[in-house]
Amino acid sequence: MKTEDGVIEKESVVVRFSGDSGDGMQLTGTQFTDTTAFLGKDISTFPEFPAEIRAPAGTIAGVSGFQVHFGSKEIYTAGDEYDVLVAMNAAALKSDIGNLKKGGIIITNTAGFDSKNLRLAEYPEGVNPLEDDSLSEYEVYKVNITSLTKEALKETGLSNKELERSKNMFVLGMLYWIFDQSPDYTINFINEKFSKSPELAKANILAIKSGINFGETTEIFNTRFKINASPQPPGTYRSITGNNAIAIALISASEISGLPLFLGSYPITPASDILHELSKYKHSGVRTFQAEDEIAAICSAIGASYGGSLSVTTTSGPGMSLKTEALGLATILELPLVVINIQRGGPSTGLPTKTEQSDLLQAMYGRHGECPLPILAPCSPSDCFETVYEACKLTVEHMTPVIVLSDGYIANGSEPWKFPTAKDLPKIKSEFTDKPNSNDGTFLPYKRDENFVRPRVKPGTKGLEHRIGGLEKANETGDISYEPHNHELMVNLRQAKVDKIADSIPEIKIDTGSEDSDLLVLGWGSTYGSIKTAVLELINEGYNISHIHLRHMNPFPKNLGMLLMKFKNILIPEINNGQLIKIIRDKYLVPAIGLNKIQGLPFTTSEIKNKILEILNKK
Amino acid sequence: MNETTNLPVLEKLTYKDFAPDQDVKWCPGCGDYSILKQVQGIFPELGKRKEEFVFISGIGCSSRFPYYMDTYGMHSIHGRATAIAAGLKASRPDLDIWIVTGDGDAMSIGGNHLIHTLRKNFNLNILMFNNEIYGLTKGQYSPTSHVGLVTKSTPFGSIDEPFNPAELALGAKSTFFARSLDRDPKHMKEILLEAHDHKGTSFVEIYQNCPVFNDGTFFIYSEKGTKKEESLYLEEGKPLIFGENNSKGIKFDGFKPVVVDLTDGKNSVNDLWIHDKRDRIKATILASFANGNNGTHLPRPFGIFYSIDKPTYEETMLHQIEEVTNKKGKPKLDDILSGDKTWVIA
Ligand SMILES: Cc1ncc(C[n+]2csc(CCOP(=O)(O)OP(=O)(O)O)c2C)c(N)n1
Ligand code: SF4
Ligand SMILES: [Mg+2]
Numbered sequence: 001m002k003t004e005d006g007v008i009e010k011e012s013v014v015v016r017f018s019g020d021s022g023d024g025m026q027l028t029g030t031q032f033t034d035t036t037a038f039l040g041k042d043i044s045t046f047p048e049f050p051a052e053i054r055a056p057a058g059t060i061a062g063v064s065g066f067q068v069h070f071g072s073k074e075i076y077t078a079g080d081e082y083d084v085l086v087a088m089n090a091a092a093l094k095s096d097i098g099n100l101k102k103g104g105i106i107i108t109n110t111a112g113f114d115s116k117n118l119r120l121a122e123y124p125e126g127v128n129p130l131e132d133d134s135l136s137e138y139e140v141y142k143v144n145i146t147s148l149t150k151e152a153l154k155e156t157g158l159s160n161k162e163l164e165r166s167k168n169m170f171v172l173g174m175l176y177w178i179f180d181q182s183p184d185y186t187i188n189f190i191n192e193k194f195s196k197s198p199e200l201a202k203a204n205i206l207a208i209k210s211g212i213n214f215g216e217t218t219e220i221f222n223t224r225f226k227i228n229a230s231p232q233p234p235g236t237y238r239s240i241t242g243n244n245a246i247a248i249a250l251i252s253a254s255e256i257s258g259l260p261l262f263l264g265s266y267p268i269t270p271a272s273d274i275l276h277e278l279s280k281y282k283h284s285g286v287r288t289f290q291a292e293d294e295i296a297a298i299c300s301a302i303g304a305s306y307g308g309s310l311s312v313t314t315t316s317g318p319g320m321s322l323k324t325e326a327l328g329l330a331t332i333l334e335l336p337l338v339v340i341n342i343q344r345g346g347p348s349t350g351l352p353t354k355t356e357q358s359d360l361l362q363a364m365y366g367r368h369g370e371c372p373l374p375i376l377a378p379c380s381p382s383d384c385f386e387t388v389y390e391a392c393k394l395t396v397e398h399m400t401p402v403i404v405l406s407d408g409y410i411a412n413g414s415e416p417w418k419f420p421t422a423k424d425l426p427k428i429k430s431e432f433t434d435k436p437n438s439n440d441g442t443f444l445p446y447k448r449d450e451n452f453v454r455p456r457v458k459p460g461t462k463g464l465e466h467r468i469g470g471l472e473k474a475n476e477t478g479d480i481s482y483e484p485h486n487h488e489l490m491v492n493l494r495q496a497k498v499d500k501i502a503d504s505i506p507e508i509k510i511d512t513g514s515e516d517s518d519l520l521v522l523g524w525g526s527t528y529g530s531i532k533t534a535v536l537e538l539i540n541e542g543y544n545i546s547h548i549h550l551r552h553m554n555p556f557p558k559n560l561g562m563l564l565m566k567f568k569n570i571l572i573p574e575i576n577n578g579q580l581i582k583i584i585r586d587k588y589l590v591p592a593i594g595l596n597k598i599q600g601l602p603f604t605t606s607e608i609k610n611k612i613l614e615i616l617n618k619k
Numbered sequence: 620m621n622e623t624t625n626l627p628v629l630e631k632l633t634y635k636d637f638a639p640d641q642d643v644k645w646c647p648g649c650g651d652y653s654i655l656k657q658v659q660g661i662f663p664e665l666g667k668r669k670e671e672f673v674f675i676s677g678i679g680c681s682s683r684f685p686y687y688m689d690t691y692g693m694h695s696i697h698g699r700a701t702a703i704a705a706g707l708k709a710s711r712p713d714l715d716i717w718i719v720t721g722d723g724d725a726m727s728i729g730g731n732h733l734i735h736t737l738r739k740n741f742n743l744n745i746l747m748f749n750n751e752i753y754g755l756t757k758g759q760y761s762p763t764s765h766v767g768l769v770t771k772s773t774p775f776g777s778i779d780e781p782f783n784p785a786e787l788a789l790g791a792k793s794t795f796f797a798r799s800l801d802r803d804p805k806h807m808k809e810i811l812l813e814a815h816d817h818k819g820t821s822f823v824e825i826y827q828n829c830p831v832f833n834d835g836t837f838f839i840y841s842e843k844g845t846k847k848e849e850s851l852y853l854e855e856g857k858p859l860i861f862g863e864n865n866s867k868g869i870k871f872d873g874f875k876p877v878v879v880d881l882t883d884g885k886n887s888v889n890d891l892w893i894h895d896k897r898d899r900i901k902a903t904i905l906a907s908f909a910n911g912n913n914g915t916h917l918p919r920p921f922g923i924f925y926s927i928d929k930p931t932y933e934e935t936m937l938h939q940i941e942e943v944t945n946k947k948g949k950p951k952l953d954d955i956l957s958g959d960k961t962w963v964i965a
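Chains W and S, in that order, give the protein sequences.
Each step along the first sequence adds one to the number in my numbering, with nothing skipped, and position 314 is 314.
Each step along the second sequence adds one to the number in my numbering, with nothing skipped, and position 306 is 925.
A few of these clues could be false.
Within a straight-line C-alpha distance of at most 16 Å, the following computed EDC-like cross-link-like pairs (lysine to aspartate or glutamate) qualify [unchecked claim]:
{"no.": "1", "chain 1": "S", "residue 1": "Lys669", "chain 2": "W", "residue 2": "Glu74"}
{"no.": "2", "chain 1": "S", "residue 1": "Lys631", "chain 2": "S", "residue 2": "Glu671"}
{"no.": "3", "chain 1": "W", "residue 1": "Lys458", "chain 2": "S", "residue 2": "Glu670"}
{"no.": "4", "chain 1": "W", "residue 1": "Lys423", "chain 2": "S", "residue 2": "Asp898"}
{"no.": "5", "chain 1": "W", "residue 1": "Lys282", "chain 2": "S", "residue 2": "Glu934"}
{"no.": "6", "chain 1": "W", "residue 1": "Lys102", "chain 2": "W", "residue 2": "Glu74"}
{"no.": "7", "chain 1": "S", "residue 1": "Lys951", "chain 2": "W", "residue 2": "Glu219"}
{"no.": "8", "chain 1": "W", "residue 1": "Lys458", "chain 2": "S", "residue 2": "Asp713"}
{"no.": "9", "chain 1": "W", "residue 1": "Lys423", "chain 2": "S", "residue 2": "Asp953"}
{"no.": "10", "chain 1": "W", "residue 1": "Lys462", "chain 2": "S", "residue 2": "Glu671"}
{"no.": "11", "chain 1": "S", "residue 1": "Lys960", "chain 2": "W", "residue 2": "Asp184"}
{"no.": "12", "chain 1": "W", "residue 1": "Lys462", "chain 2": "S", "residue 2": "Asp713"}
{"no.": "13", "chain 1": "W", "residue 1": "Lys462", "chain 2": "S", "residue 2": "Asp636"}
{"no.": "14", "chain 1": "W", "residue 1": "Lys418", "chain 2": "W", "residue 2": "Glu74"}
{"no.": "15", "chain 1": "W", "residue 1": "Lys209", "chain 2": "W", "residue 2": "Glu151"}
{"no.": "16", "chain 1": "S", "residue 1": "Lys951", "chain 2": "W", "residue 2": "Glu255"}
{"no.": "17", "chain 1": "W", "residue 1": "Lys280", "chain 2": "S", "residue 2": "Glu941"}
{"no.": "18", "chain 1": "W", "residue 1": "Lys418", "chain 2": "S", "residue 2": "Asp954"}
{"no.": "19", "chain 1": "W", "residue 1": "Lys280", "chain 2": "S", "residue 2": "Asp959"}
{"no.": "20", "chain 1": "S", "residue 1": "Lys949", "chain 2": "W", "residue 2": "Glu255"}
{"no.": "21", "chain 1": "W", "residue 1": "Lys142", "chain 2": "W", "residue 2": "Glu255"}
{"no.": "22", "chain 1": "W", "residue 1": "Lys462", "chain 2": "W", "residue 2": "Asp434"}
{"no.": "23", "chain 1": "S", "residue 1": "Lys808", "chain 2": "S", "residue 2": "Glu854"}
{"no.": "24", "chain 1": "S", "residue 1": "Lys960", "chain 2": "W", "residue 2": "Glu192"}
{"no.": "25", "chain 1": "S", "residue 1": "Lys644", "chain 2": "W", "residue 2": "Asp479"}
{"no.": "26", "chain 1": "S", "residue 1": "Lys857", "chain 2": "S", "residue 2": "Asp890"}
{"no.": "27", "chain 1": "W", "residue 1": "Lys226", "chain 2": "W", "residue 2": "Glu11"}
{"no.": "28", "chain 1": "W", "residue 1": "Lys462", "chain 2": "S", "residue 2": "Glu630"}
{"no.": "29", "chain 1": "W", "residue 1": "Lys462", "chain 2": "S", "residue 2": "Glu670"}
{"no.": "30", "chain 1": "W", "residue 1": "Lys458", "chain 2": "S", "residue 2": "Glu671"}
{"no.": "31", "chain 1": "S", "residue 1": "Lys929", "chain 2": "S", "residue 2": "Asp898"}
Okay, the calculated beta carbon distance ranges per label pair [stated by the list, open to error]:
{"no.": "32", "chain 1": "W", "residue 1": "Asp293", "chain 2": "S", "residue 2": "Arg899", "range": "26 to 32 Å"}
{"no.": "33", "chain 1": "W", "residue 1": "Asp293", "chain 2": "S", "residue 2": "Lys631", "range": "41 to 47 Å"}
{"no.": "34", "chain 1": "W", "residue 1": "Tyr365", "chain 2": "S", "residue 2": "Glu664", "range": "49 to 55 Å"}
{"no.": "35", "chain 1": "S", "residue 1": "Gln759", "chain 2": "W", "residue 2": "Gln290", "range": "31 to 37 Å"}
{"no.": "36", "chain 1": "W", "residue 1": "Gln290", "chain 2": "S", "residue 2": "Phe838", "range": "55 to 61 Å"}
{"no.": "37", "chain 1": "S", "residue 1": "Gln759", "chain 2": "W", "residue 2": "Arg54", "range": "41 to 47 Å"}
Just so you know, these hints were derived from the structure itself, not from any lab.
Each residue gets a CB set at the ideal place from its N, CA and C atoms; glycine is no exception.
Produce the complete structure using the sequences and hints provided.
This is how it looks when you write it as structure tokens:
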């Protein structure tokens with residue numbers, strides 16, 4: 001719908017900011033996102049970084065992108081295709097034009113299309129896409145953003161380099177004008193960020209305002225959009241990324257349980273931000289320990305857990321592999337420990353900045369010996385909070401390490417979050433024993449309660465001195481035992497303890513659709529948004545299909561098997577080569593069909609829709 | 620409550636309080652027995668409650684140690700005791716933590732954790748039982764085995780250059796290094812007490828005989844006939860003297876340590892090197908004695924090579940937490956949950 005002043009009202013829009021790593025596209029994207037969320041629109045983002053910190057400037061390898069999907073309806077994914085592409089240089093255009101909608105808008109910085117940039121982007125000699133008709137299907141705006149910014153800021157006394165750097169704020173200003181959004185949120189942000197250098201704050205704000213004025217006065221943009229606020233449930237919201245949600249969940253669980261928080265970690269993409277974020281919270285008493293490697297990271301966490309802390313270790317695939325032996329130790333010791341794996345493309349260094357769900361089988365089976373562990377997987381940035389909080393509760397209440405499988409997509413992506421208050425958070429029962437637990441007055445460290453959970457003791461507790469270790473233990477006493485039947489008993493008890501957790505987790509509910517439908521899409525983790533959107537769209541188109549999404553990967557919710565039996569078609573989309581599907585087939589003997597994508601990228605909605613239709617049409 | 624009148628009285632403990640009712644399962648004649656006895660012996664003298672002690676070990680014959688001490692303890696995984704102890708100490712500075720490890724456990728698989736623990740300087744005591752062999756896995760050479768040692772995995776002799784633990788420790792910025800010997804209980808006791816007194820990571824190398832797989836390696840330092848000539852006992856502020864009837868000493872020729880005869884009238888005690896455990900350069904030279912310096916044969920030093928005061932990791936960590944908390948105040952959970960940018964949807 002076009003209004004009088006040329007403003008088009010739209011339900012949702014996808015914008016892709018794309019530029020060289022040095023162009024500040026991540027900051028631009030984040031600011032645009034936060035402002036948009038702040039104005040009450042629902043939102044989902046997808047930041048994409050190059051693997052190299054300093055990939056050669058101007059090349060395709062150096063392109064950094066930030067995609068944001070926002071709207072007045074509920075938004076679950078960052079969008080398959082974009083309506084607007086901001087391309088700061090030739091490489092950005094070349095790398096990202098593929099997913100621009102036909103007829104979509106391109107805003108280019110012409111300064112990024114000089115002969116050097118064209119050559120670096122590997123356009124053939126003499127070809128400039130801005131000057132031939134290769135972009136005739138799109139609405140192209142050619143703006144010399146670099147020189148306009150410099151001109152606007154020439155009185156500020158900033159160096160040429162600083163001027164150059166402010167061009168992303170000019171871009172932001174133009175977009176605020178196009179989408180009719182107030183820049184106030186970003187202006188506040190800049191004032192805070194540069195509180196120590198007011199001249200930089202002033203210059204950046206001037207750049208934004210110049211961008212807005214440029215849009216307003218030159219009238220070069222034929223199209224402006226208006227997106228109304230989305231009808232989200234009433235409440236107070238903030239914007240959150242998956243990794244920050246994890247950090248906040250850990251602090252919350254520490255405070256609610258009364259256990260001091262200890263994080264042992266070794267930097268690795270895309271998990272490092274959790275270490276960074278928690279390290280800021282020294283004044284909450286958080287102890288972060290950057291260890292010499294992932295083995296020391298998990299071992300230090302085991303040490304702290306033994307001492308009575310809420311202990312956590314965070315990592316990604318390669319680090320997870322290093323932690324496996326120690327994870328076996330924590331399992332046989334039966335100590336609480338939260339292990340968070342922000343999955344990325346593997347094996348080995350693989351695709352360090354790209355997303356993948358390929359560590360599920362490792363989490364399930366990737367240790368020596370019979371070594372079952374509970375596994376949880378969050379499905380969105382804000383769900384990282386609930387999932388990790390629950391992992392903390394389970395680890396402490398059931399005296400077992402718990403693995404959380406997040407991934408690069410939700411770790412860096414953000415969305416609005418109707419955050420809880422402290423008093424809404426579930427209680428965490430954390431108890432330490434200080435008395436002998438047997439009739440003859442001795443202490444039995446491996447005597448279990450009705451959930452097969454052993455008592456927790458803090459070293460320093462008088463009269464309960466005892467030894468624990470990695471050797472098999474005699475039931476109850478914990479003394480070393482090589483007795484054959486005892487080993488079998490202990491293996492079974494440790495398994496039973498994990499299985500019993502199924503009693504403490506909610507039954508699974510159908511997320512979308514009904515129990516009586518032609519096809520069920522079963523998903524886990526970060527594919528939630530794409531699956532949900534695909535299923536909703538097909539339901540709107542008249543199909544009878546449903547969606548179930550798992551957070552509890554081990555043990556599964558008790559009713560999962562019964563629910564699965566009700567569907568004649570089960571589709572399991574995964575960003576891997578088929579992992580959940582193996583477990584589901586093994587456990588429930590259902591003939592599920594897989595949809596697998598292993599490109600380091602999330603599913604698009606249409607990929608899932610097409611697969612669903614293919615199955616439905618075949619029958 | 621008036622704190623001074625209600626100080627709990629420490630129970631008087633004896634070595635028996637630290638001996639659990641577990642059979643000790645090392646081979647007969649193993650040097651580990653003597654070390655266990657000395658440790659149990661000094662514990663009542665440390666002025667702590669029994670429940671405050673924790674033993675952490677890795678894997679190896681030596682690492683069975685925690686099972687034989689009736690304190691809190693964890694027998695963990697191969698090489699990782701130092702890393703586990705680091706986390707425990709960082710979270711529980713109140714505990715009195717001892718690590719027991721072997722030459723393979725500490726210097727091979729656990730080498731990385733060892734050097735980092737030393738440099739971070741937690742207040743911990745590391746006892747490394749050095750038998751120059753892998754005992755538990757039945758006799759392969761270790762990172763401290765000397766070149767040429769014939770073992771199961773080196774039937775034609777080891778070709779590896781061994782680590783010198785003292786040099787490694789000093790290179791890793793250890794704040795305390797000492798060496799003792801299973802067959803010298805009195806000396807070991809003194810060293811253990813000093814190691815415990817040292818605030819920071821105390822690294823004690825204990826030569827330990829493995830009668831089964833590497834018998835007698837250290838006998839020249841403990842047996843009559845060779846002990847006096849081959850071992851040098853370090854005493855703080857005293858000259859470096861050794862030999863039958865204290866007839867020899869070590870003096871400096873430039874930076875080169877040389878053995879001098881104190882009976883030939885050419886040198887007196889006043890010419891000798893005076894031991895100063897705070898002197899890093901001297902400690903480094905002492906450490907090198909085990910390398911056979913430029914072909915000169917030097918006695919093997921025992922005692923405290925090096926000991927300096929430096930803030931511990933956990934102190935500094937707590938100090939930082941306190942400082943930041945004083946500056947910023949402890950945030951409310953609700954403020955952390957909301958962050959600083961929120962909006963309301965009505
Ligand atoms: C990960 C791992 N690798 C190998 C082993 C086998 N292993 C156990 S103890 C040991 C060597 C022990 O030597 P040392 O530390 O010198 O102890 P000692 O038995 O001599 O006291 C080895 C290789 C193991 N338990 N775990
Ligand atoms: S193998 Fe050697 S070190 Fe191990 S217990 Fe026997 S004698 Fe001691
Ligand atoms: Mg050994």
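Okay, the hints, checked on the actual structure:
no.: 1; hint: Lys669/S x Glu74/W; in the structure: 61 Å, violated
no.: 2; hint: Lys631/S x Glu671/S; in the structure: 15 Å, holds
no.: 3; hint: Lys458/W x Glu670/S; in the structure: 10 Å, holds
no.: 4; hint: Lys423/W x Asp898/S; in the structure: 57 Å, violated
no.: 5; hint: Lys282/W x Glu934/S; in the structure: 14 Å, holds
no.: 6; hint: Lys102/W x Glu74/W; in the structure: 24 Å, violated
no.: 7; hint: Lys951/S x Glu219/W; in the structure: 48 Å, violated
no.: 8; hint: Lys458/W x Asp713/S; in the structure: 12 Å, holds
no.: 9; hint: Lys423/W x Asp953/S; in the structure: 9 Å, holds
no.: 10; hint: Lys462/W x Glu671/S; in the structure: 8 Å, holds
no.: 11; hint: Lys960/S x Asp184/W; in the structure: 12 Å, holds
no.: 12; hint: Lys462/W x Asp713/S; in the structure: 14 Å, holds
no.: 13; hint: Lys462/W x Asp636/S; in the structure: 13 Å, holds
no.: 14; hint: Lys418/W x Glu74/W; in the structure: 14 Å, holds
no.: 15; hint: Lys209/W x Glu151/W; in the structure: 13 Å, holds
no.: 16; hint: Lys951/S x Glu255/W; in the structure: 10 Å, holds
no.: 17; hint: Lys280/W x Glu941/S; in the structure: 13 Å, holds
no.: 18; hint: Lys418/W x Asp954/S; in the structure: 14 Å, holds
no.: 19; hint: Lys280/W x Asp959/S; in the structure: 15 Å, holds
no.: 20; hint: Lys949/S x Glu255/W; in the structure: 12 Å, holds
no.: 21; hint: Lys142/W x Glu255/W; in the structure: 53 Å, violated
no.: 22; hint: Lys462/W x Asp434/W; in the structure: 7 Å, holds
no.: 23; hint: Lys808/S x Glu854/S; in the structure: 15 Å, holds
no.: 24; hint: Lys960/S x Glu192/W; in the structure: 12 Å, holds
no.: 25; hint: Lys644/S x Asp479/W; in the structure: 14 Å, holds
no.: 26; hint: Lys857/S x Asp890/S; in the structure: 12 Å, holds
no.: 27; hint: Lys226/W x Glu11/W; in the structure: 9 Å, holds
no.: 28; hint: Lys462/W x Glu630/S; in the structure: 12 Å, holds
no.: 29; hint: Lys462/W x Glu670/S; in the structure: 5 Å, holds
no.: 30; hint: Lys458/W x Glu671/S; in the structure: 10 Å, holds
no.: 31; hint: Lys929/S x Asp898/S; in the structure: 14 Å, holds
no.: 32; hint: Asp293/W x Arg899/S: 26 to 32 Å; in the structure: 28 Å, holds
no.: 33; hint: Asp293/W x Lys631/S: 41 to 47 Å; in the structure: 44 Å, holds
no.: 34; hint: Tyr365/W x Glu664/S: 49 to 55 Å; in the structure: 50 Å, holds
no.: 35; hint: Gln759/S x Gln290/W: 31 to 37 Å; in the structure: 34 Å, holds
no.: 36; hint: Gln290/W x Phe838/S: 55 to 61 Å; in the structure: 44 Å, violated
no.: 37; hint: Gln759/S x Arg54/W: 41 to 47 Å; in the structure: 45 Å, holds
Hints 1, 4, 6, 7, 21, 36 from the earlier list are contradicted by this structure; the remaining hints agree with it.
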